[in-house]
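Participant: Given chain A, work out where chain B should sit, using these hints.
Residue numbers (my numbering), protein chains in the order written: chain A, 1 to 183; chain B, 1001 to 1305.
Where hints are given, some of them may not hold.
Unchecked claim - Derived coverage of chain A by chain B (criterion: at least 3 residues anywhere in the stretch with Cβ under 8 Å from a Cβ of chain B; other residues may be distant):
#1 110-123
#2 127-137
Unchecked claim - Going by beta-carbon spacing under 8 Å, a handful of chain B positions derived as facing chain A:
#3 Pro1078
#4 Arg1079
#5 Asn1082
#6 Glu1085
#7 Gly1086
#8 Ile1089
#9 Ala1090
#10 Gly1092
#11 Arg1240
It is worth saying that the hints were derived from the structure and are not from the lab. Quick reminder that beta carbons are idealized off the backbone N, C-alpha and C, glycines included.
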Amino acid sequence: MLAVWIVLGLIGLVLLYGIVTYNRLVRARVRTENAWSQIDVQLRRRYDLIPNLVEAVKGYAAHEREVFEEVTQARAQAQAASGVKDQAQAENQLTAGIRRLIAVAENYPQLKASQNFLALQEELTGTESKIAFARQFYNDQVQSLNTLIQSFPSRVVASLGGFQPREFFDIEEPARGPVTVRF
Amino acid sequence: MYEQIARNKRRTVLIILGTLVVVGGLGYLFGLLLGTGPVGLVVALLIAAVMSFYSYRYGDRLVLRAARARQVTNEEEPRLHNIVEGLAIAAGVPKPTVYIVPEQAPNAFATGPDPQHSSIAVTQGLLDTMNRVELEGVIGHEMSHVRDRDILLGTVVATLVGSVVLIAEFMLRWFWWGGGAFGGRGRRSEGGEGGGAFAILAAAGLVLAILTPLIAQVIKMAMSRRREYLADAEGAMLTRYPPGLASALRKIAADTTPMRVANNATAHLWINQPSRVPGQGNHWFETLFSTHPPIQDRIRILEEM
Chain A
1 MLAVWIVLGL IGLVLLYGIV TYNRLVRARV RTENAWSQID VQLRRRYDLI
51 PNLVEAVKGY AAHEREVFEE VTQARAQAQA ASGVKDQAQA ENQLTAGIRR
101 LIAVAENYPQ LKASQNFLAL QEELTGTESK IAFARQFYND QVQSLNTLIQ
151 SFPSRVVASL GGFQPREFFD IEEPARGPVT VRF
Chain B
1001 MYEQIARNKR RTVLIILGTL VVVGGLGYLF GLLLGTGPVG LVVALLIAAV
1051 MSFYSYRYGD RLVLRAARAR QVTNEEEPRL HNIVEGLAIA AGVPKPTVYI
1101 VPEQAPNAFA TGPDPQHSSI AVTQGLLDTM NRVELEGVIG HEMSHVRDRD
1151 ILLGTVVATL VGSVVLIAEF MLRWFWWGGG AFGGRGRRSE GGEGGGAFAI
1201 LAAAGLVLAI LTPLIAQVIK MAMSRRREYL ADAEGAMLTR YPPGLASALR
1251 KIAADTTPMR VANNATAHLW INQPSRVPGQ GNHWFETLFS THPPIQDRIR
1301 ILEEM
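One chain only, chain A, in its complex shape:
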């Protein structure tokens, strides 16, 4: 009789563990999806910014056609990309294009000083740091989801529930300026 109770108790415990773990996995997956949509929002914001940026630079440096084309093309590719890895690659390309565009703009002091360009540049810096923060949050979520999926015993529940590990979003960090201290 006692043995039956013990077995029943053990089964109950295992079931309880399964339910709790399944819910944790679902929560981790939802968080990861939310985090990805955050990245998406910020990437879109950057796409919207690029035509304005190109127009602003064009007004002063119409002959730098090569750079404009490169940036526009990279933008189109990034918008068309699907899948975490492809997206990351396309975004890196786009980042490189934007860097070149800004570098071109640096040669035109009048452009650099214009209110419009300064505002666009703040918008760009802000958006790129938001992309970086969103990526960081996403990767943290992916890490905890993947850990849960790959470690024992939660991996048993994960494979029964059909949970797949996610890919990390690897893009280049925006450069941080040196910290200058003024007293």
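Facilitator: Below, chain B without anything else, positioned relative to chain A:
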């Protein structure tokens, strides 16, 4: 990080329960002394409950008004808004409302009952003196207060400490002015043998009335200091750049502009304890009852990260 939030919620509940026991105990003792029985307990708990609820719902508005904070739009302060939004994303919380306090001393605070209704306020001085990475460091510190619901913890603790102080004050006043008269009546109704027990109760009540507010205050300060270290570390984790906050704290430490809106009730909210004394930083007495760890220690810890 989610574990941290859960722990903080548990701790808030524990602190509330613990303080309710203290408040209730004080009230009960007071009721016994007055001869009114459990009425004292009920009144004390009622005071604590009403004050907690009120500070939970409206505390942030009071704090913002006390600091003369003004809400700013994205168009007015794009840099600040961008940084706040970015760190909200990093912390996985909704973007808080952004306020500016018209003060020249560089400082900042966060307030609000939960991440969905939070606000971050920075002084004009902070905006003027900090570069982007330093501002990110400061906002990261505030954002981790928001994410971990430290604001709720701080508000609840402050209110409960406030009601403990209030009740103890009542008791002390009663001992001072009416104690003899009321006590006399109580003794008569209980008969002769109650006198000794009453004297012991009265003595215990007096000691408690003096000690509990002090203990409550010390707990509040100690907790606030711990939360500051934690927010530094977590803020640095959000920005992934500890030198940013370290450099910001160094600038804040070097600045000795006094703050006009500084007062004891809101001191624990700011990123660095505001000082009223111009020219020489915090007075030693302020350090003794400090809500914040020494800023040099905070800088050192950040630099070792």
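Participant: For each hint, tell me whether it holds in the structure or not.
Facilitator: Results of checking the hints against the structure:
Residues of the stretch 110-123 of chain A lying with their CB closer than 8 Å to a CB of chain B number 3, which satisfies the three-residue condition for coverage. Counting residues of the stretch 127-137 of chain A whose beta carbon lies closer than 8 Å to any beta carbon of chain B gives 8, which meets the minimum of three for the stated coverage. For B/Pro1078, the suggested interface contact is upheld, since its CB lies about 5 Å from the closest CB of chain A, less than 8 Å. For B/Arg1079, the shortest C-beta to C-beta distance to chain A is roughly 6 Å, which falls under 8 Å, so the interface hint holds.
The interface hint given for B/Asn1082 holds, since its Cβ lies 3 Å from the closest Cβ of chain A, which is under the 8 Å cut-off. Residue-level restraint check for B/Glu1085 holds (minimum Cβ-Cβ distance to chain A is 6 Å; threshold 8 Å). For the restraint placing B/Gly1086 at the interface with chain A, the shortest Cβ-Cβ distance is roughly 4 Å, inside the 8 Å limit, so the hint holds. Below 8 Å, beta-carbon pairs count as interface contacts, and B/Ile1089 has one with chain A at about 5 Å; its hint therefore holds.
Against a cut-off of 8 Å between C-beta atoms, the interface hint on B/Ala1090 holds, since the closest Cβ of chain A lies about 4 Å away. Satisfaction of the interface hint for B/Gly1092 is found here, the shortest Cβ-Cβ separation to chain A being roughly 5 Å, below the 8 Å cut-off. Look at B/Arg1240: its Cβ gets to within about 7 Å of chain A, closer than 8 Å, so that hint holds up.
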